[in-house]
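Chemist: So the chains spell out like this:
Number of protein chains: 2
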Amino acid sequence: MYQSDRIYKAKPHLITRSLSPENQETPIHFLKESETPSPLTFRRNHFPYPAISIQSYFITITGSVKTPVTLHYNQITSMPSRTVISLIECSGNKRAYFEPKVFGEQWTEGAISQGIWKGVPLSYLLSFTGISAGAREVVFLGKDSGLKNKEHVHFERSLPLEKALDSNVIVAWEHNQKLLRPKHGFPFRLIVPGWYGMASVKWLKTIRVINHHFSGPFQSDDYVYYPHKDQDKDSFPVTTNRVNSIIQHPRDRQILKPGVHEINGLAWTGEGAITSVELSFDNGETWKTAPLHDTPQKYQWVKWSYSYVFEKNHEYKIMVRAFDSLGQSQPDKAFWNRNGYGFNEVSQVKIQIEK
Amino acid sequence: MYQSDRIYKAKPHLITRSLSPENQETPIHFLKESETPSPLTFRRNHFPYPAISIQSYFITITGSVKTPVTLHYNQITSMPSRTVISLIECSGNKRAYFEPKVFGEQWTEGAISQGIWKGVPLSYLLSFTGISAGAREVVFLGKDSGLKNKEHVHFERSLPLEKALDSNVIVAWEHNQKLLRPKHGFPFRLIVPGWYGMASVKWLKTIRVINHHFSGPFQSDDYVYYPHKDQDKDSFPVTTNRVNSIIQHPRDRQILKPGVHEINGLAWTGEGAITSVELSFDNGETWKTAPLHDTPQKYQWVKWSYSYVFEKNHEYKIMVRAFDSLGQSQPDKAFWNRNGYGFNEVSQVKIQIEK
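Heads up: the sequence lines are chains A and B, in that order. 111 is the number that the working numbering gives to position 111 of the first sequence; each next residue is one higher, with no gaps. 1306 is the number that the working numbering gives to position 306 of the second sequence; each next residue is one higher, with no gaps.
Among the clues, some could well be false.
[Unchecked claim] Mimicking BS3-like on lysine-lysine, the simulated pairs with C-alpha atoms at most 30 angstroms apart in a straight line are:
no., chain 1, residue 1, chain 2, residue 2
1, A, 312, B, 1257
2, B, 1011, B, 1118
3, A, 288, B, 1101
4, B, 1011, A, 257
5, A, 183, B, 1032
6, A, 183, B, 1257
7, B, 1350, B, 1101
No lab work stands behind these hints: they were computed from the structure. If you're wondering where the values come from, they're calculated on a predicted model, not measured in any experiment.
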């Protein structure tokens, strides 16, 4: 008799949205550890993966600096390092849930991961060059490139100088205590805790300090909230993560046996920290506070759970909302925007209990 | 410089819906071959995988037969075989699209596969036992079992005698020219072309001819169309596949460049054959006939494609409907039923063309 548990062992996989460029999300019921394993970490690309030569890999720091420098891979990885535990969430996470629906990759809830990132603080790198008076932003160019609006461009994004100098913003070469993997930005990925994932530029190649406002296509066309369908007015850039949550168990439309079930999931936010998570079983009339499994840490998700007795032959709607230290909470209705960023409506699942 | 195409190579995976029991579907844009590779073939289970001992694996044929027999694995696989190319579609395929939504595994479009199945015709097996007068149905019991409605039951289904004796109904031990894999029913799977997947019982263990109507929980509770939310009247069993189609390219809500794009996909039906596939770009006012890539074969899907010029800065709704030789076609609105079976509404995607 063969070992059925071995032969039949099933593993979760990423959910493939497209392969060129590769866009895959995590089935959220498997985000069980506080560090998402690298193979289960979502992948979001705008272009084909770049070819990398480690022998000749330099990062150039240039622009409004006193002394431009070019640093070799070995020089950077020999610098004093800092470890940051941070989630990274794609700003298009949950895009599939917008009503009216919007165009673009139809992420459900799994374009989020959390990891341990080790690298050198960007502020330390910039201390080699100095920063010229009047500097306003720092621009990060990735090695990935391709056609966009008929022009050949790299993926390129900027940060305000103040955020760039935050000690938690690092140029990372390790992910979960291993060398960064090629698909996640090897050799270097900028890590910007508190901001949506587009800020954490992969295959980082050039750092440019500028004294004006950057406007590349991934800054001024994409990753912009456009609140109107047919006009651009009232638009503003996508920056920090909105306060948000997911329900990992039960799954939406799941059929369960009667009795006690634990409802559980994650909650997170951008620059603040989660203060509480609430559940409602009566369509939002009353809310119960869910115990948090840990003291919420900035830039990290917190697990929550709540046990509830479910009666046979009933249907339930479970709603969940998170609050953060900046006074933000999940809205009853998502802020609709044309390109579908930052969906953080109150989370909900409907379940049915068996007879 | 490392080989980026090798290091970065991305493969599609099954989309994990649950792991215990294992339920995973195929991302449909990768159903490119007429035989779905075994690792990409969807998995739908009601119970944990059973332990199998091949040394002691017998199939018993019993009930309303003249001479009950017990046949060893080696005896069965030495019998004259027949090869059948057939699709298998879960009757819950596309369940996620019902409005109002229904409970149960939220399959999108990928609970379908097509394969080459080799085995012995069931009618040949039954020729060893003979069939008693008055026999009405043949019941198939799988080795997989577990609790359902508080009773320990096996997965068990019946076929009307006439269908059971159809020469295309086989007890298969090969899938795509290889030994059937454990997850797909090794050592034996009943293959019932033209019927939804629940009829193709895996880990087949007992064949029982009966002279009455079978009513196990997977025949009389599950796999029944209940047209009403709160009462059971007008219900009828799930049997043959409804005529259906999928659009594999473009994907719903995809953003494309202006110009010519090929729209392509698959169409299939149950006991008939596909006769035509039509597309509409004007909300169903006019329909164009899509060329089929092959002469439609019974029990197999047919590929279709249609090239169309898309103008910049426009949105398009593409609708697709298939017709079959039994005079059936995809309805404008799905037949809603409480457990969510047989969704075959006109297929559609909305896309946006770049500026």
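Chemist: Hint by hint, say whether it matches the structure.
Modeler: Taking the hints in turn, this is what the structure says about them:
{"no.": "1", "hint": "A:312 - B:1257", "in the structure": "violated, 52 angstroms"}
{"no.": "2", "hint": "B:1011 - B:1118", "in the structure": "holds, 28 angstroms"}
{"no.": "3", "hint": "A:288 - B:1101", "in the structure": "holds, 27 angstroms"}
{"no.": "4", "hint": "B:1011 - A:257", "in the structure": "violated, 36 angstroms"}
{"no.": "5", "hint": "A:183 - B:1032", "in the structure": "holds, 25 angstroms"}
{"no.": "6", "hint": "A:183 - B:1257", "in the structure": "holds, 26 angstroms"}
{"no.": "7", "hint": "B:1350 - B:1101", "in the structure": "holds, 21 angstroms"}
The structure shown violates the earlier hints numbered 1 and 4.
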